[in-house]
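Peer 1: Each chain is listed here by its residues.
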Amino acid sequence: MQLKTALLLLSLAAPAAAGVTDVTLDNGLRVIVKEDHRAPVAVSQLWYKAGSMDEFNGTTGVAHVLEHTMFKGTEKVPEGEFSKRIAAAGGRENAFTNRDQTVYFQQLQKDRLAVAFELEADRMAKLQLKDESFAKEIQVVMEERRLRTEDNPQSVLYEQLMSVAYQAHPYRRPVIGWMDDLQSMTAKDARDWYARWYAPNNATLVVAGDVNPQDVVALAKQTFGPLAGKPLPPRKPQEEPAQRGEKRITVKAPAKQPYLLMAYHAPRLRDAEQDTMPWAMQVLAGVLSGNDSARLGKRLVKEQRIAVDAGASYDGIGRGPGMFYLEGTPSKGKTAAELEAALKAEIQRIQQGGVSEAELNRVKAQVIAGDVYQRDSVFYQAMQLGELATLGLPLDLLEKRVDKLKAVTAEQVQAAAKLLTGDKLSVASLDPQPISGQQPRPTLEGMNHVR
Amino acid sequence: MFAKRLLAPLVILLLALPAWAGVAIQHWTTPQGTRVYFVENHDIPMLDVAVDFPAGSRFDTAGKSGLAALTHGMLDQGAGGLSDVLIAQRLADVGAVLGGVFDQDRAGVSLRSLSSARERDAAFGVLAAVLHQPEFPQAVMQRERARMLAQLRDEEANPGEIAEKAFYQALYGNQGYGLPVSGTARGLGGLKRGDLQAWYKARYRAGDAVISIIGDLRRAEAEQLALRLASGLPQGAAAAAPAPAKPMPLGQKRIAYPSSQSHVLMGEIGMARNDPDYFALYVGNHVLGGGGFDSRILEEVRQKRGYAYSAYSYFIPMAQPGPLLIGLQTKNAQAEDALKVARDTVAGFVAGGPSEAELAQAKNNLVGGFPLRIDSNKKILDYLRAIGFYRLPLTYLDDWVGAVQGVTLEQIKDAFQRRVNPEGMSVVIVGGNAG
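As you go down the protein sequences, you meet chains X and D in turn. Numbering-wise (the numbering used here), the first sequence opens with residue 1 and increments by one. Numbering-wise (the numbering used here), the second sequence opens with residue 1 and increments by one.
I should point out that these hints are in silico values taken from the structure, not numbers from a laboratory. Built from N, CA and C at the ideal position, the CB exists for glycine as well. One should not assume that every hint holds.
[Claimed, not checked] From the structure, some residues in chain D lie toward chain X, with a derived Cβ separation under 10 Å:
| hint | residue |
| --- | --- |
| 1 | His-27 |
| 2 | Asp-48 |
| 3 | Leu-191 |
| 4 | Asp-294 |
[Stated by the list, open to error] Label pairs and their computed distance ranges (CB to CB):
| hint | chain 1 | residue 1 | chain 2 | residue 2 | range |
| --- | --- | --- | --- | --- | --- |
| 5 | X | Thr-186 | D | His-42 | 53 to 59 Å |
| 6 | D | Gln-235 | X | Lys-332 | 36 to 42 Å |
| 7 | D | Gly-348 | X | Gly-333 | 23 to 29 Å |
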């Protein structure tokens, strides 16, 4: 890197977590660098705090559509050139959108980071989205929706369950958007989204790998520094009103066996220092299905054979509300209702009888080992930092997280289980429809309205 | 405002020769004939071990389709006096993760563990039990068979899976690579416990096994581990592999499915892992359909026409010649149009080969991206497993960049014209009405 002269300016760089540099440029761009010198490579991830939860009805899916069209060119970099230049530099690149954010990333040899920074900085402010380019790309996005959602019964089930479990919060809308919104989306919708959210002060640049943090920050200043920040629209809290009793839906789709998905509203992590319940919830999920000997697999799959698969998961680290999930596929001859009763009985057992020290220690052993294993992936380390930054959580949580989980007691896990009550529950059941001898069904966009 | 100036360094970067440290692979063979591949790396206090056998689904017969998969799946469901639950508990207690790889060629078991003595020793003990003394308990076998049948039902309700199975069957018929990896309901239904025991004894042999190890242990410890694992396996080597199937006649198959998209697969028998044309076909296919947004198929199908989210071509090199697979998914009404675009793209590429610029772009990406292929223990382990299992040269990773750089336009054109017949491709379309 030919940037040594710029280094004098960088005394602001302060360590935030072990081996992590965390700097905010004058224009508001936050730059986080994690050193890992095991291989001569680096990953660059640009996190925009703009996900589907920031969308409005009528233009659902626009965050993700914009992500697709971010590759459609600028004045300096014609359509198709972004990917070509990264590829020519030996890089891999892609992007993803979820409820909370949109992320663009490149993986390269360490000395080629400048290629990625220059391209990202250019399209942060200079995207030129032509109507013709948009018209083709929206077709691609609709094909993506058909592939991932319309023709996938479990995805449809999840989508429909979320739209019921959440009454007000925007998590009720699918990230990819409703088909009808995609069909009537315009290039202007995408351009408006871009104008609203794409700015250095709404972004975090995370770099991990075999790099010198000061060089990276200097390069970031050189490339992103000249971009101007801009006022961001206020974000409304949109808190979810309390649920007042169980909700239940059935989804009919071509399938060969039933499937059950249950979602309980659950606390989310807000205060990294004070909160204990989110960590207890995570351990609870581990006790239920964190390993092959955990309760749901052991009792429902191996012993009672009510299910061929059963699992629990907790999603409590996000910008929006938390949720605790139970899911499973009933064994042949068993019904979704029987599986639901068995899953509820397992929760009840913990509510009444708690968990054993052996179970607790088993989950903690996995947390400790998992913390070591994750060091094998530079990309994953960058992902975690980007997520914490976008959520406004302290970066040292990356390490403290292990201590927080280790500190969870059996009583706290039992208390977490007690929060999973019927009044906070939404249940979705897949009702399999025959596959053969049937005419192609109409596309699902109709169904979404019908609900 | 600044891009013109900043884009200049790109040119310089491309001229600079990439620099990387090679992977130092240590190799030896145990007295039992087990080949061992080891990379010592103390950066992270963990280790990975994998043991692979030529015991994949291609060794099944149509009548017992699923025997190979069920045997593999049962290895850790009761072994060495430990129940399925106890095995899982012992691993979880030390944070170890037991994994499996199962495909047409290969049945493998992998272990990731912390390298500290207590954790490591406990994990090794479970791994040895699973490899040496699987018990295939009758009741557990019934359960696991039922779970595999449930998985088959899910696959029957997935148009992509239906298409893939039909594609392999169209190319290879009802044997070898044509048999479904997870078996058939009929094949699984007839299996007895004795079948699994016999299969294990016949196919999980020390003389065929490949052990791959990477991570925080020393050579002497790795030797000890390999010896322990190899000596407890059934000894000797399995009987010779079945002869490759005769190519099937050209197939065209339309399968009705109540889906909004059609899954379109097209292809023919391609190449084996040790094929002399490997690099010419691999680099050429990067231009045709393997290089993502740099490839012609994605450009024509997605970028120019918006027909599909995903469109690709891949050679799937295996022990015996695997397929060249070209695939896309598009809404039912335009399936024929999209298929024609993919066909024309393949035909145009075979006739004319890549341009100079396309080849240079592909090489820049592959050569410049080489360090990303070996930037984690997990990725290096996968290379060790492939080098060992497919008997690739020990210098495979050292030679890789040179081999890619050495491929010429003429070699690609020649290899594609000899090996790929655009008129000779089988086609499977799943979705909509069978037309």
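Peer 1: All hints, please: hold or fail.
Peer 2: Hint by hint, here is what the structure shows:
no. : hint                              : result
1   : His-27                            : 22 Å, violated
2   : Asp-48                            : 9 Å, holds
3   : Leu-191                           : 17 Å, violated
4   : Asp-294                           : 5 Å, holds
5   : Thr-186/X x His-42/D: 53 to 59 Å  : 57 Å, holds
6   : Gln-235/D x Lys-332/X: 36 to 42 Å : 40 Å, holds
7   : Gly-348/D x Gly-333/X: 23 to 29 Å : 54 Å, violated
This entry does not satisfy hints 1, 3 and 7, going by the numbered hints stated previously.
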